[in-house]
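I would like the entire structure built from these sequences, with the hints used as guidance.
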Amino acid sequence: MDKRNIWSFRFTTASLVLIPVAIGINYLGKLFANILKLPLWLDSIGTILASLLAGPIVGAVSGAVNNIIFGLTADPISFVYAISSVAIGLVAGILAAKGWFDSFGKMLMAGLVIGVSVAIVSTPLNIIFWGGQTGNLWGDALFALLMAQGMPMWLASFLNEITVDLPDKLVTVFVSTIIFRRLPHQLLHMYRHDDKIETL
Amino acid sequence: MKTVKSMSLYVPGNSIIHRLEPITKLIYVMVAGVLPFILPANPTAVLCLAVTLAMLTISKTLTKVIPLTGFTLLVLLSILFIQGLFHEHNQTFLFRFGPFVFFKEGLSYAARISLRVINLLLGISLLSLTTKPSDLIDSLVRRGLSPKIGYVLSSVLQIIPQMAASVNAITDAQRARGLETEGPLIVRAKAFLPLIGPVIMSSLIQARERAMALEVRGFNANRRKTFLRAANQSSRQTTIRILLILILFAAIVWRIFA
Numbered sequence: 020m021d022k023r024n025i026w027s028f029r030f031t032t033a034s035l036v037l038i039p040v041a042i043g044i045n046y047l048g049k050l051f052a053n054i055l056k057l058p059l060w061l062d063s064i065g066t067i068l069a070s071l072l073a074g075p076i077v078g079a080v081s082g083a084v085n086n087i088i089f090g091l092t093a094d095p096i097s098f099v100y101a102i103s104s105v106a107i108g109l110v111a112g113i114l115a116a117k118g119w120f121d122s123f124g125k126m127l128m129a130g131l132v133i134g135v136s137v138a139i140v141s142t143p144l145n146i147i148f149w150g151g152q153t154g155n156l157w158g159d160a161l162f163a164l165l166m167a168q169g170m171p172m173w174l175a176s177f178l179n180e181i182t183v184d185l186p187d188k189l190v191t192v193f194v195s196t197i198i199f200r201r202l203p204h205q206l207l208h209m210y211r212h213d214d215k216i217e218t219l
Numbered sequence: 005m006k007t008v009k010s011m012s013l014y015v016p017g018n019s020i021i022h023r024l025e026p027i028t029k030l031i032y033v034m035v036a037g038v039l040p041f042i043l044p045a046n047p048t049a050v051l052c053l054a055v056t057l058a059m060l061t062i063s064k065t066l067t068k069v070i071p072l073t074g075f076t077l078l079v080l081l082s083i084l085f086i087q088g089l090f091h092e093h094n095q096t097f098l099f100r101f102g103p104f105v106f107f108k109e110g111l112s113y114a115a116r117i118s119l120r121v122i123n124l125l126l127g128i129s130l131l132s133l134t135t136k137p138s139d140l141i142d143s144l145v146r147r148g149l150s151p152k153i154g155y156v157l158s159s160v161l162q163i164i165p166q167m168a169a170s171v172n173a174i175t176d177a178q179r180a181r182g183l184e185t186e187g188p189l190i191v192r193a194k195a196f197l198p199l200i201g202p203v204i205m206s207s208l209i210q211a212r213e214r215a216m217a218l219e220v221r222g223f224n225a226n227r228r229k230t231f232l233r234a235a236n237q238s239s240r241q242t243t244i245r246i247l248l249i250l251i252l253f254a255a256i257v258w259r260i261f262a
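These protein sequence lines are chains S and P, in that order.
Those letters in the first sequence? Residues 20 to 219, by the working numbering.
Those letters in the second sequence? Residues 5 to 262, by the working numbering.
There may be inaccurate statements among the hints.
[As the list claims (entries may be wrong)] Cross-link-like lysine-lysine pairs, in silico, DSBU-like; alpha carbons within 30 Å at most: (1) S/Lys49 to P/Lys194; (2) P/Lys136 to P/Lys68; (3) P/Lys229 to S/Lys49; (4) P/Lys68 to S/Lys49; (5) P/Lys152 to P/Lys136; (6) P/Lys152 to P/Lys229; (7) P/Lys194 to S/Lys56; (8) P/Lys136 to P/Lys64; (9) S/Lys49 to S/Lys125; (10) S/Lys125 to P/Lys194; (11) P/Lys136 to P/Lys229; (12) S/Lys117 to S/Lys49; (13) S/Lys117 to S/Lys56; (14) P/Lys68 to S/Lys56; (15) S/Lys49 to P/Lys152.
It should be emphasised that the hints constitute simulated quantities derived from the structure, not laboratory data.
And the structure:
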């Protein structure tokens, strides 16, 4: 049997059904973070879980659909950041395939890489749409401070985004990994293409 | 049983905007949203904004836009402030407000950004307020979107309210078991995992069952899928759509060669 390739995927019934659930989990993360008044978004747990379970493509699609649906039904601005969500899914899926989620030390690095990738993708969007701001109070205060020092806008904007994104993605990856490790095996096998018996 | 709030911004109505085909509105939003970026002049944005506002008025959804724009307006105000003070190319002194010195370049930059964002925001709002999400998905599938992706999209619309409705029940149940959900940050942070963990587990197990149920009902069959409702397609809307796309192309061509 040939080795599993992370890019070889079919939209199996199992992975298609996973996408709405991932988006639901994203939503719950945000809701619980609000209820507990946590200073983070925590709204990409589902996207990362989808990447861990079914690979980068399914994760990326979950991210995209997540922002499209929320753009349409709740907050129009979320459309703009669909690309950032796609980046979360892609990067998490690739890192997972490379084994970055196997130990807690590596997992922290994975959170770091995901946070930085999201910031790289989001910064041009922030500059195009918001003149470099994020709408987050602390990040924007930092942005104003750096701009006042005469720092180039792209750098100030990147630092603005990363102060907001990095802690959020670190915690998100941490929570997702803990949950992923406790999932029953029969669930994990659903999404593995190399497992001929349980494939749907 | 608690009623589940449906997930949509749709405001029922029977205006001409409501009756436009969802795809036509989608194309309009894309064209009107993108135009000010292709032709970077304020008049373009103002024109697109005016058309969108007129359509919002006709569809009687103008007041419904206000709650959608609240946060964005706040951010735009801070942009006006920050750019007016600190924009890279600030040179021309405009006015002084207390200790703050505002410059012309930064303010006009902020104004341009604000116009584009408000234009885009209102365009998307127009689509969301006058179109049922399920109708939009339906007409996308008719236009060649894979029915499987169509299923995914409509499934999201059903799953989110269900999961949201379970949130209070879970919170109460865990509180009854002694979980602290209030107090210092560290206590609240510790409560996150016990709250979200069980729902994630159960929803993933439900997903497995749903996948099997769909599979035995031929979800993966390669037959042509049929529709529950008949399509109502008028030729006049095709003309509108072609016209909109032509405008977009003209703008791109003008930008490249002029």
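Evaluated hints:
In summary, the hint linking S/Lys49 to P/Lys194 is supported, as the alpha carbons are separated by about 16 Å, within the 30 Å threshold. For the proposed pair P/Lys136 and P/Lys68, the alpha carbon gap of about 15 Å is at most 30 Å, so the pair holds. Distance restraint check for P/Lys229 and S/Lys49: the Cα-Cα separation of roughly 36 Å exceeds the 30 Å cut-off, and the hinted pair is therefore not satisfied. Proximity of P/Lys68 to S/Lys49 is assessed by CA-CA distance (about 24 Å); at most 30 Å being required, the pair is judged to hold.
Distance restraint check for P/Lys152 and P/Lys136: the Cα-Cα separation of roughly 19 Å lies within the 30 Å cut-off, and the hinted pair is therefore satisfied. Taking the CA atoms of P/Lys152 and P/Lys229, the gap is near 10 Å; set against the 30 Å cutoff, the hint holds. At most 30 Å may separate the alpha-carbon atoms for a hinted pair to count; P/Lys194 and S/Lys56 meet this at roughly 12 Å. With a C-alpha separation of about 16 Å, the suggested pairing of P/Lys136 with P/Lys64 holds against the 30 Å cut-off.
With a C-alpha separation of about 25 Å, the suggested pair S/Lys49 and S/Lys125 falls inside the 30 Å cut-off, and the hint holds. Simply put, S/Lys125 and P/Lys194 have alpha-carbon atoms about 22 Å apart, close enough for the 30 Å limit, and the pair holds. Taking the CA atoms of P/Lys136 and P/Lys229, the gap is near 21 Å; set against the 30 Å cutoff, the hint holds. Note on S/Lys117 and S/Lys49: the hinted pairing holds, with a Cα-Cα distance of about 28 Å set against a maximum of 30 Å.
Restraint check for S/Lys117 and S/Lys56: the C-alpha separation of about 35 Å exceeds 30 Å, so the hint is violated. Distance restraint check for P/Lys68 and S/Lys56: the Cα-Cα separation of roughly 28 Å lies within the 30 Å cut-off, and the hinted pair is therefore satisfied. Between S/Lys49 and P/Lys152 the alpha-carbon distance is near 27 Å, which keeps this suggested pair within the 30 Å criterion.
When held up to the earlier numbered hints, the structure conflicts with 3 and 13 and fits the remainder.
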